[in-house]
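Read top to bottom, the protein sequences are chains A and B. The numbering of the first sequence is this note's numbering, which starts it at 1 and goes up by one. The numbering of the second sequence is this note's numbering, which starts it at 363 and goes up by one.
Rather than coming from a laboratory, the hints here were simulated on the basis of the structure.
Below 35 Å or equal to it, Euclidean Cα-Cα: the simulated DSBU-like pairs (lysine-lysine) are: (1) A:Lys108 - B:Lys507; (2) A:Lys18 - B:Lys511; (3) A:Lys362 - A:Lys349; (4) A:Lys149 - B:Lys380.
What follows is a list of derived Cβ distance ranges for each label pair: (5) A:Lys18 - B:Asp702: 31 to 41 Å; (6) B:Pro626 - A:Asn71: 32 to 42 Å; (7) A:Lys68 - B:Glu411: 31 to 41 Å; (8) A:Gly79 - B:Glu411: 48 to 58 Å; (9) A:Lys341 - B:Lys644: 56 to 66 Å; (10) B:Ala718 - A:His47: 52 to 62 Å; (11) B:Glu558 - A:Lys108: 32 to 42 Å; (12) B:Ser645 - A:Lys18: 49 to 59 Å; (13) B:Asp514 - A:Lys68: 24 to 34 Å; (14) A:Lys341 - B:Arg715: 45 to 55 Å.
Every residue gets a Cβ at the ideal spot worked out from N, C-alpha and C, and that includes glycine.
There are 2 protein chains.
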Amino acid sequence: MDVIIASNETRAKAFLNKIKGKNPLFICTIGTTETGKIAGISAAGAHPEFTDFTPPADAELLLLGRCKSINGVPVTPDGIPTPGLIAMSALGLADIPVLIVSGGLKIKPQIPFLELGGCPGRDIRTGNAVDNVAEVLERARIAGKHLAKTTDYLVVGESIPGGTTTALGVLSALGVKAEGKVSSTLPENPHNLKSETVKAGLAAAGESFGSLAKNPVKAISCVGDPMMAAFSGLVIGAASHVPVLMAGGTQMSAILALINALNPEVLCNLAVGTTRWVARDKSSDLKGILGQFCDTPILAADLNFSASRFSGLRTYETGLVKEGVGAGGASIAAMAKLGDKVNANLLLKEIERNYALLMGLK
Amino acid sequence: MDVIIASNETRAKAFLNKIKGKNPLFICTIGTTETGKIAGISAAGAHPEFTDFTPPADAELLLLGRCKSINGVPVTPDGIPTPGLIAMSALGLADIPVLIVSGGLKIKPQIPFLELGGCPGRDIRTGNAVDNVAEVLERARIAGKHLAKTTDYLVVGESIPGGTTTALGVLSALGVKAEGKVSSTLPENPHNLKSETVKAGLAAAGESFGSLAKNPVKAISCVGDPMMAAFSGLVIGAASHVPVLMAGGTQMSAILALINALNPEVLCNLAVGTTRWVARDKSSDLKGILGQFCDTPILAADLNFSASRFSGLRTYETGLVKEGVGAGGASIAAMAKLGDKVNANLLLKEIERNYALLMGLK
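Isolated chain A, as found in the complex:
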């Protein structure tokens, strides 16, 4: 299997053994925020206002194989396609069922999605970023409990622009050192801008580094995003019954920090599934963040696009985008389900086929 074990080898191998040959349910938790529109924060959209359309379009891509809310597929300002393309290709190859869950959206996707009563997030610089957190968390927990009964294990991914900034916000509020350690979709990781944004948010909320260590719900409410309540609740509800592969990059450290504060007893049934681009990223440090509070293993799909015939995909090798829409976790789940029938190279062929189809390329 083309999977890199990026931390905690024994637990990582045990997790991989648990999911080999198994049939998961893939959940993509989506949300939008005003934080994602701060200039220079996110590349999850051709320009800031487009970030409202990226999560619903990613969700449509996963369920329909094409977007309805936008033409083509979501791209960065440089035209690099969404990692949703990777997730869609992996899930399609392995015939893995998909459920979309809304944490809170400005634009609703034109597909079926699980509604949890959440609202879109405000700019975290207000210090009052997310409404209704406790209720969304509880509804997600109930959904996770029921969904766990339908599947061997869950893979949970996310699509929310600006998500690493809100991740830094929540990690800081919970007292986890993550400045300079969260990942970015952009060519130059804007660490200073993220830190300033988080500092402004904490100050506006009357909070400081670590002051909300014992109040994870308030940490999301002040400086988090609406995906987090949905994601954490789903994991907490499901993971006492089945393993959960948390599909994402450094944002997963914020979810794990929340779970560590809310329900640490489920941590033993979790792993992070990301991409090689995150695991090997020199401008971020997922392992360094997690090491401060848990020993959850990190698995990384050993994807390599350097030999792709499309420049839009080759660019992933320069460190742009890296992860999102559960791309890494979906790839790991597809390889775990299909065994020798699929590897990173076959995955790339399928991604190229879908990219060509969707972009009208040859």
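Once you have looked at the hints, place chain B on chain A.
Okay, now just chain B, sitting in the frame of chain A:
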């Protein structure tokens, strides 16, 4: 197993064999309409305006074991409790996972639910009862296709007040003779009122008996309800992959007539699962409606409340309520899953226990 085979014995037994010992997913499709508020049409609520709260409250009962949108549980004007109590008890006993799907609601339930983009229904006497039918049907089909991959089989039930009147509407539009044959929650089945309501709706739409036989989407749009598009789409999406037990009374004949017009090739993978009260009802004729266009088997949970210690439950034996919220299908699914470990009598004990808890009785 305490299950009555009410029609098509060979196919019914084959279906029962397919689901024995299997793990289903139970889906409750909910919706509200103005049709349900016509005086004398529905008893699914203590008075007409309460019918907006009945489906969300039923949904909460299934997921939480208690209602949030109302105090206590939904009752008829005579105080007879919702059949959701039967479904909740059966599903709980057998540890069957539940998913709520909204076809279109005035009041949203305070639990996770699958959103399909539908709206509440208007009074069918307008001839313009439901918006967005084709889109909801398509989204439900996609959801059904994905959910089928997570389960051995699906049980799909419904909660929508006034549902037998809209069923009569759609059956009539499709050219199926159902006047005097649909069931009722009320002590006296108001057949004349239902027929007049449907005639007014067809006339307002410029349609007549059978004129929409080849246009099932328009039949729902003119004289149907928002639950129908969601329910039919889920069944169509799922039934080419797994068996589907359609949990309900005479409303299921309208869903089957729609499926017969939309995707008849999936009919072979379906059965209706209802209650003895519907199967033995002298004021309605489910078998007589179905016999006109399909040979889908009818199974009926052999529930009997005559020995209950609660008068509210004993009243079910006088022909009130009879069915709803997938009560019959949920009971059949629980017995099929647990085999000898549960029968109708044990189910009644569990229903009584929950009824006492929820109503504060001893």
